[in-house]
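The listed protein sequences derive, respectively, from chains A and B.
Heads up: the first sequence begins at 1 in the numbering used here, then just goes up one per residue.
Heads up: the second sequence begins at 1001 in the numbering used here, then just goes up one per residue.
Be careful, since some hints might not be right.
Straight-line alpha carbon distances no greater than 25 Å define the calculated DSS-like cross-link-like pairs of lysine-lysine that follow [what the hints assert, rightly or not]: (1) Lys334/A <-> Lys1086/B; (2) Lys1330/B <-> Lys1371/B; (3) Lys497/A <-> Lys1054/B; (4) Lys231/A <-> Lys111/A; (5) Lys276/A <-> Lys1013/B; (6) Lys287/A <-> Lys313/A; (7) Lys1055/B <-> Lys497/A; (8) Lys451/A <-> Lys437/A.
By construction, these hints were calculated from the structure, which means they are not laboratory data.
Please read these numbers as outputs of a predicted model, since none were measured by experiment.
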Amino acid sequence: MEQALREICGSRVTTDPFELAPYAKDVAYVPAILVHLLTNPLPKAVVQPISAEEISSLIKWAKQGKIPVTVRGGGSTAYFNCIPMKSGLVIDTNRLQGFSEIELDQGNQKKMVWVKAGMTWKDLDDGLRQQGCAVCSSPSSAPSATIGGWVSMGGLGIGSVPYGSVHDQIMAIRGVTATGEIVELSRPDKSPARNQGSEQSDLQFNDLMGTEGTRGIITEIKLLVRDVPEKEEHLLAIFNNATDTGVMMSWLGGEHFMSLYNVHFSSPEFMMSLQKAGYAHEIPPGKYSLEIDLEGKRDEVDQAVAHIRKQVKVLGGTLLPDGVGAEEWADRFKSLRLEQTLPSLLAAEMTLPVRNFAAFYERLSKLGQKTNTLCVTYAHLVSPDMALVMVLYPSDELNLIRYIVDLSFTSNLYKLGHRLGGKPYVIGFWNTPYLGKIYDKGERERRRQRKQAADPYAMLNPGKGYNPPNIILNSYVFGFAMIMIGLFRPMVLKILKGGKGQ
Amino acid sequence: MKTIEELREQIAKTSYICGSCGSCRSVCPVYREIGWESSAPRRKIALAKEVFLKKKEKQATGQYAQRLQECTLCGKCAEICAAGIKTRELWLNLREDLRARGMEHQNLTQMALQVKTTHNISTFPNENRLDWVDDLDEVEVEVSKAGSEVAYFVGCVSSFYPMSAGISQSIVSLLDRANVNYTVLGSEEWCCGFPLLASGNSQQVLELAKHNVEKVRALGVKTLITGCASCYHTWTHEYPTILGEDLGFEVLHATQYLAGLIRTKQLEAGNIDETVTYHDPCDLGRNSGIYDEPRELLQAMEGVNFVEMPHRREMADCCGGGGNLAAVDKELSQAIAVKRVREAVATGATILTSACQQCVQTLQMAARQEKLPLEVLDVTELLWRSLEE
Ligand SMILES: Cc1cc2nc3c(=O)[nH]c(=O)nc-3n(C[C@H](O)[C@H](O)[C@H](O)COP(=O)(O)OP(=O)(O)OC[C@H]3O[C@@H](n4cnc5c(N)ncnc54)[C@H](O)[C@@H]3O)c2cc1C
Ligand code: SF4
Ligand code: SF4
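Isolated chain A, as found in the complex:
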């Protein structure tokens, strides 16, 4: 195997167990007992191609030997999205680096660049800023998330309010199909004539948007970029309760300010945990905070600030002194500082209609009290009417039983969100039981058909994104198991005295 791979990638191949081991892990801790019960995550080899041609050869080679292929970018996801289920070959994209000169589309006067899939969003943004441009939006994991990784996920994050999902900012995509063809696909609504679709695997542009490396491999994208804004303002507003905060978020979405770039909510529990670690001291305890980031033309920003000031007052909130918001903004990639006081966090992330945000938060607080669980919440506004909500709660990976019973609480969180129109944001492997909460039956079938058409030999990232690959993850079986485990949770927490959410 190694020999064959070396012929394609030279020394950029490893089969050394020491080197392979990290590729069986992502951001989340999952007890080994569960991992090995359900998956075979250790790859046989990892390769680091530097071109589409190499990837094409790798895919053709893997196809011959029926070897599953999993693509990995920054490995900053948490649901085994980039971890092999059935061992096989991992393609690490981190040597696909760099971006082209900025092009100006004469037709619509928009600027864009071709950027390689392995570059991180922060590196791209830093590089563009040297030339007076910037990315339109980025994930809050921008220092680690790669271009290909975020495009293959939901694509929502900082800057999504004005610019939408990253999927909306891609004009064309270069990649390799599941049969090893190199293709360039243009955005269907832009210029279908330029499309050189794939003949053998029927890969289409949308097959590469948010499909977790299951239908093709992205090597490069043509991305819209923006000019560095004339002015930035970062406000930090605090409110006394979730209702006013929710109203403010809806208002911000509804006002359609040209310069509204990002809105970030932090719960009092989130702030309290940060403060315990020595951060965020400017924020009074017990308050609900909204960081409101404005970017754009000077007068647009100034006007929006004036309106926002008034509305914060109307809702009984307070704007903290200038500088506090700027500091929060500077720390936007540092949400994990929370782990200094709460290591070993578990999480549920979902999209939720903003109008239901306050109701969600209130019910969450009750659920937390009832189950003796400290729920720490933060959220981004990702469209005028949708928020991406992250709920974290402490566990202890050093205690297997506690950790397993705690996992069941995630299921309660998704249920709570679902009742209010929420959907799990990510599928990957571990969320396949919740597929029914994300897509209706028709959409699930359409997705299955597209997968079949694009990846006829089911080689790419098997086990992710579609029907649960294992009976244990079947939604009924899994749901029942979660309910049963959940029943034991209060007792286990009581015995361990660790469930006080301290």
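The hints should help you fit chain B with the ligands onto chain A, whose structure is shown.
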């Protein structure tokens, strides 16, 4: 000083905080060269977690030890860490543990023996510390001069390596030009201990710290200046902790002191018609917070067209020469240096400056190896040249 058990407990606690997000990965100069996940800071922490928190001692393999020592201690991972982990401190603690396990790289063991014997990192006797003075015609450098206001701690590299002698010569020439009442320690200057700290050998540093501090105190100076960024960091950040007490005198980097002289017009900069850029030494910039004074000196020189590199200040890239990396893997260290000099050339600069003898040496070698049209100098060398020309 902490016991090894206390250090191990601290490592365990710190490793538990890491969320494995990987923010530290693409900024790490070592990962960027090696490319495999095993070389990324997050993976090293994950292994530390296995060894120290989960007590899986078998994970402490030779490959683990190698990866821990393939690190320049540049601190860029700490700067970006999404969880606010002081990773540089963690790497030092892990190296202390490696040493306690007998897993330290043999070149580092050798270096520790060397320092024990000669009190410096070279093979020369410490009596040769002032050989660089011989080439100075107009400046007289007095050793342990009573009544001096300032002591200049030269550092091993510019004391013993002819390639770096220009730095110490420039610094004393500038002090002389500004009529500063200064002195040097001569053979009473011992290695500051930074290379030992970086190899997890804080025990041996205690003796060096005690000696150096005692000798400077005996001079009764108000200020100690260092030309080396790592010496500066050791004097200001490590000695007070190691000794558990205030030093009793001010410690400044030479660029800080000289910037002060220029501000008070005790010294005037000259003229240099060149495009110049500046490399922030990790131990002076990110790890000590000094960014402005070296730039102030460069901008004080008439004719200098100062240009910045894209990676600068807090996010400056490492020169590759830190953390004893060259002793562990010389090629890796050079590869990192080559990237940095290329970045400098891309700015259009003809002179790359820094404020650290180690950085200057490493970058000079890389520029030569790549045959780049780039001269590498210490800021103090350029400042002195501006006055000479
Ligand atoms: C602190 C933190 C903050 C986060 N914030 C956000 C956020 O704001 N928004 C958000 O959406 N997510 C967020 N995430 C989750 C994650 O970081 C992002 O989804 C990120 O974009 C994943 O990119 P990656 O390069 O790490 O992908 P990986 O984790 O390596 O892979 C993700 C998926 O993409 C596939 N893939 C990767 N590269 C390619 C390619 N070139 N071609 C085809 N498939 C590919 C993989 O197979 C896998 O299925 C956050 C995570 C953390 C830890
Ligand atoms: S200190 Fe520098 S070289 Fe060492 S792990 Fe951190 S970023 Fe990498
Ligand atoms: S950035 Fe910090 S939290 Fe994230 S992986 Fe690196 S060390 Fe861990």
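Hints and how they fare:
Note on lysine 334/A and lysine 1086/B: the hinted pairing holds, with a Cα-Cα distance of about 13 Å set against a maximum of 25 Å. In summary, the hint linking lysine 1330/B to lysine 1371/B is supported, as the alpha carbons are separated by about 19 Å, within the 25 Å threshold. With a C-alpha separation of about 21 Å, the suggested pairing of lysine 497/A with lysine 1054/B holds against the 25 Å cut-off. Annotation: proposed proximity of lysine 231/A to lysine 111/A holds, straight-line Cα distance about 19 Å (limit 25 Å).
Straight-line distance between C-alpha atoms of lysine 276/A and lysine 1013/B comes to about 16 Å, which keeps the hinted pair within the 25 Å bound. Only pairs whose Cα atoms come within 25 Å are accepted, and lysine 287/A paired with lysine 313/A is accepted, the gap being roughly 15 Å. For the hint pairing lysine 1055/B with lysine 497/A, the CA-to-CA distance comes to about 23 Å; that is within 25 Å, so the pair holds. The hinted pair formed by lysine 451/A and lysine 437/A meets the criterion: a straight-line CA distance of about 20 Å does not exceed 25 Å.
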